[in-house]
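Put chain B on the given structure of chain A with help from the hints.
Residues per chain are reported as follows:
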Amino acid sequence: MKETKPPLPSQDKRWKIIDAKMRKLGYKPHALIETLHAVQQAFGFLEDVALKWVAKSLHVPPSRVYGVATFYNFFTLKPQGAHTCVVCLGTACYVKGAAKIVDAIGAFAGIKSGETTPDKQLSLLSARCIGACGIAPTVVYDGNVAGRLTPEQAVEKLKGYLTHAA
Amino acid sequence: MLLEELHELAEKEKAGRKQICVRCCMSAGCMSSQADEIKKVMEKAVVDNNLTDKVEIRRVGCMGFCGQGPMISIESEGLLYENVTPESAPSIIQALAGGKTDVQKGDPNHPFFARQELVVRAQGGRIDPERIEDYIEIGGYSALHRVVHELQPAQVVEAITQSGLRGRGGAGFPTGLKWATVAKSKGERKYVVCNGDEGDPGAFMDRSVLESDPHTVLEGMAIAGYAVGATQGYLYVRAEYPLAISRLQIAIKQAKQKGVLGEGVFESTFNFNVEIRIGAGAFVCGEETALMASIEGRRGQPRPRPPFPAEKGLWGFPTLINNVETFANIVHIITRGAAWYASLGTAKSKGTKVFALTGSIRNNGLIEVPMGITIRDIVEGLGGGAPEGKQIKAVQTGGPSGGCIPASLFDTPVDYDSLMKVGSIMGSGGMVVMDNSTNMVDVARFYMQFCMEESCGKCIPCRVGTLQMYNLLDKILKRQGTMKDLELLEELCDMVKNTSLCGLGQTAPNPVISTLRYFRNEYLELLQPDEGEPAALNGNGKTAEAAATR
Numbered sequence: 001m002k003e004t005k006p007p008l009p010s011q012d013k014r015w016k017i018i019d020a021k022m023r024k025l026g027y028k029p030h031a032l033i034e035t036l037h038a039v040q041q042a043f044g045f046l047e048d049v050a051l052k053w054v055a056k057s058l059h060v061p062p063s064r065v066y067g068v069a070t071f072y073n074f075f076t077l078k079p080q081g082a083h084t085c086v087v088c089l090g091t092a093c094y095v096k097g098a099a100k101i102v103d104a105i106g107a108f109a110g111i112k113s114g115e116t117t118p119d120k121q122l123s124l125l126s127a128r129c130i131g132a133c134g135i136a137p138t139v140v141y142d143g144n145v146a147g148r149l150t151p152e153q154a155v156e157k158l159k160g161y162l163t164h165a166a
Numbered sequence: 001m002l003l004e005e006l007h008e009l010a011e012k013e014k015a016g017r018k019q020i021c022v023r024c025c026m027s028a029g030c031m032s033s034q035a036d037e038i039k040k041v042m043e044k045a046v047v048d049n050n051l052t053d054k055v056e057i058r059r060v061g062c063m064g065f066c067g068q069g070p071m072i073s074i075e076s077e078g079l080l081y082e083n084v085t086p087e088s089a090p091s092i093i094q095a096l097a098g099g100k101t102d103v104q105k106g107d108p109n110h111p112f113f114a115r116q117e118l119v120v121r122a123q124g125g126r127i128d129p130e131r132i133e134d135y136i137e138i139g140g141y142s143a144l145h146r147v148v149h150e151l152q153p154a155q156v157v158e159a160i161t162q163s164g165l166r167g168r169g170g171a172g173f174p175t176g177l178k179w180a181t182v183a184k185s186k187g188e189r190k191y192v193v194c195n196g197d198e199g200d201p202g203a204f205m206d207r208s209v210l211e212s213d214p215h216t217v218l219e220g221m222a223i224a225g226y227a228v229g230a231t232q233g234y235l236y237v238r239a240e241y242p243l244a245i246s247r248l249q250i251a252i253k254q255a256k257q258k259g260v261l262g263e264g265v266f267e268s269t270f271n272f273n274v275e276i277r278i279g280a281g282a283f284v285c286g287e288e289t290a291l292m293a294s295i296e297g298r299r300g301q302p303r304p305r306p307p308f309p310a311e312k313g314l315w316g317f318p319t320l321i322n323n324v325e326t327f328a329n330i331v332h333i334i335t336r337g338a339a340w341y342a343s344l345g346t347a348k349s350k351g352t353k354v355f356a357l358t359g360s361i362r363n364n365g366l367i368e369v370p371m372g373i374t375i376r377d378i379v380e381g382l383g384g385g386a387p388e389g390k391q392i393k394a395v396q397t398g399g400p401s402g403g404c405i406p407a408s409l410f411d412t413p414v415d416y417d418s419l420m421k422v423g424s425i426m427g428s429g430g431m432v433v434m435d436n437s438t439n440m441v442d443v444a445r446f447y448m449q450f451c452m453e454e455s456c457g458k459c460i461p462c463r464v465g466t467l468q469m470y471n472l473l474d475k476i477l478k479r480q481g482t483m484k485d486l487e488l489l490e491e492l493c494d495m496v497k498n499t500s501l502c503g504l505g506q507t508a509p510n511p512v513i514s515t516l517r518y519f520r521n522e523y524l525e526l527l528q529p530d531e532g533e534p535a536a537l538n539g540n541g542k543t544a545e546a547a548a549t550r
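As they're listed, the protein sequences go chains A and B. Just so you know, the first sequence maps onto residues 1 to 166 in the numbering used here. Just so you know, the second sequence maps onto residues 1 to 550 in the numbering used here.
Just so you know, these hints were derived from the structure itself, not from any lab. Note that CB positions come from ideal geometry on N, CA and C, so glycine has one too. Accuracy of the hints is not assured; some may be wrong.
Claimed, not checked - Quick list of in silico lysine to aspartate or glutamate cross-link-like pairs, EDC-like style, CA-CA up to 20 Å:
hint: 1; chain 1: A; residue 1: LYS28; chain 2: B; residue 2: GLU296
hint: 2; chain 1: A; residue 1: LYS56; chain 2: B; residue 2: GLU296
hint: 3; chain 1: B; residue 1: LYS253; chain 2: A; residue 2: ASP12
hint: 4; chain 1: A; residue 1: LYS112; chain 2: B; residue 2: GLU275
hint: 5; chain 1: A; residue 1: LYS28; chain 2: B; residue 2: GLU275
hint: 6; chain 1: A; residue 1: LYS100; chain 2: B; residue 2: ASP435
hint: 7; chain 1: A; residue 1: LYS100; chain 2: B; residue 2: ASP474
hint: 8; chain 1: A; residue 1: LYS21; chain 2: B; residue 2: GLU453
hint: 9; chain 1: A; residue 1: LYS21; chain 2: B; residue 2: GLU296
hint: 10; chain 1: A; residue 1: LYS100; chain 2: B; residue 2: GLU275
hint: 11; chain 1: B; residue 1: LYS105; chain 2: B; residue 2: GLU77
Stated by the list, open to error - Interface residues of chain A toward chain B, partial, derived using beta-carbon atoms under 7 Å:
hint: 12; residue: ILE33
hint: 13; residue: PRO62
hint: 14; residue: TYR66
hint: 15; residue: GLY67
hint: 16; residue: ASN73
hint: 17; residue: GLY90
hint: 18; residue: VAL145
Isolated chain A, as found in the complex (with noise of 0.2 Å):
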């Protein structure tokens, strides 16, 4: 039987990235992961009609992809925010007081870990370590990590990322 493969769910040149990439990893099963990384950074998330086209492009049912996704904590379903402000939740970070932090900033936020204010500007996240320990207490802003910050900065330093665009 020859082996169709699916259109690209729409003309969006970014569906063309994803797809060099699965055909660069053969189009076989193992690819999933790696795939699903480059839908993330192409999207910011995983939606639905892409789960789905990855599915038939890879040959894995549905069910298995969702499973993947769901599976691990860096596959996101929902669309982020615009800016997006990492709390590092390591040991280190914790020992030196990184709950406080989270709390500070949700409260100038209004909102509560993993999630994103309701205007889209901004996704509250947390991670297990991203091993800049020597600064501890971190918060990665768009990528970038700041270190060795008190709750009252680390509120500061938001409030300077949120009056840039995106």
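For chain B alone, kept in the frame of chain A given last:
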């Protein structure tokens, strides 16, 4: 590439060096404090001060003293600068031209540096991790050349066995034995996997090695491939380490271009390719069978062993799986000899170990020490003791799988067996120092929450047990627990430890067990009287006393 070409390249690099090399740490810790900007302004300052013939600025990996970063080292002048900023950096170059700088000077002979024994981390803070030429200049890839052209695979395995190296991922399985098993296993294909899923919170040794000296790991993997008969390697790295991933990608590309990886390594018949697989945030993927499931594109859930990966691993083929630091030791064992390596450390734990010394301590950062050094030496000697006004209470090793060692046991030597005896484990190398302001029940709950959230859900003892233990710890911490809850907690510790499928569940109770062993009073102080037994409060009651002497 041939050996002559390798030597020629090294010579050419050496000849091109300028008189003064200013090394700029560009590892994740320092990068977060604008190390890239610092390098830029210093390069400009070199031009501005007409020093281009004399001074070069080099990007290097981690120097270790992360707590004082960003760091600049000028070895030829015996200078070390700490806490550099983009504003102050140009003055460092001006000082080389006769000017003055008021940047904080560090002491290269500080006990933090002087007490270390560098093997794995020897090159990290000296070479540019994004240039293979830098690595070749200091002798890189000559061990691989020697292995593929002069040694039989069995000789390589023998050397690793003789060195006494044990797995640096935490469990300490003899590396030589593992290699020999994979070498003996029959399979149409074999794989080499490097476990870079450094999931323990508070540990960043592997991140630093991958960011600072990626070629050492690649060379170690290739040597392993030759020794066990594998032609494909996978390097599994956490998604949380973007800098490590990008430097590894650069390193693999350059190694292929130079012909030291890929088809026909050093123009021999040995082929070895390495691909990177990026993790997706699951602690359990540090467990070897879960990691392999993840490489195969599935949920990272472990399976029972045996069969061990050495017999049936990736896609059912024999697979050698070692940790980053283990692979980083290989080149040094081949180059300097198994006997030299075996002379380091203790009788049963050879070599050195890298630790991430963090938490409530004066000098924090990465250290590499010979096995057998005492915890006191590390904490007080290298670490400089507690910050002002604090008193050190315990050291936590091994992350969520390890335990807390109280200050009264700081004379314990750091080796696999001694740490096990005091109720902790070597672990991958996290060493978090805790002071009197840390409540140990809170620490136990912190780790239990971690294990509960990271449990993959496959086996019931771990999935349900960690949740119940977390609830009990939470109850005790909120001063709502009684002696009955504590007894139940201990019973659960025993059950989860003995009946879980994989290492995550089997070791999840460790933080509770060790804090109960050494800091039982902190639990007892939080307990409420059982109904009808009001005397059990505060460790003064009979029940508590009986429990404390258990």
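Each hint, compared with the structure:
| no. | hint | in the structure |
| --- | --- | --- |
| 1 | LYS28/A <-> GLU296/B | holds (10 Å) |
| 2 | LYS56/A <-> GLU296/B | holds (17 Å) |
| 3 | LYS253/B <-> ASP12/A | violated (30 Å) |
| 4 | LYS112/A <-> GLU275/B | violated (38 Å) |
| 5 | LYS28/A <-> GLU275/B | holds (15 Å) |
| 6 | LYS100/A <-> ASP435/B | holds (18 Å) |
| 7 | LYS100/A <-> ASP474/B | holds (18 Å) |
| 8 | LYS21/A <-> GLU453/B | violated (31 Å) |
| 9 | LYS21/A <-> GLU296/B | holds (16 Å) |
| 10 | LYS100/A <-> GLU275/B | violated (40 Å) |
| 11 | LYS105/B <-> GLU77/B | holds (12 Å) |
| 12 | ILE33 | holds (5 Å) |
| 13 | PRO62 | violated (14 Å) |
| 14 | TYR66 | violated (11 Å) |
| 15 | GLY67 | holds (6 Å) |
| 16 | ASN73 | holds (4 Å) |
| 17 | GLY90 | holds (4 Å) |
| 18 | VAL145 | holds (3 Å) |
Consistency with the previously given hints fails for numbers 3, 4, 8, 10, 13 and 14, ordered from lowest to highest.
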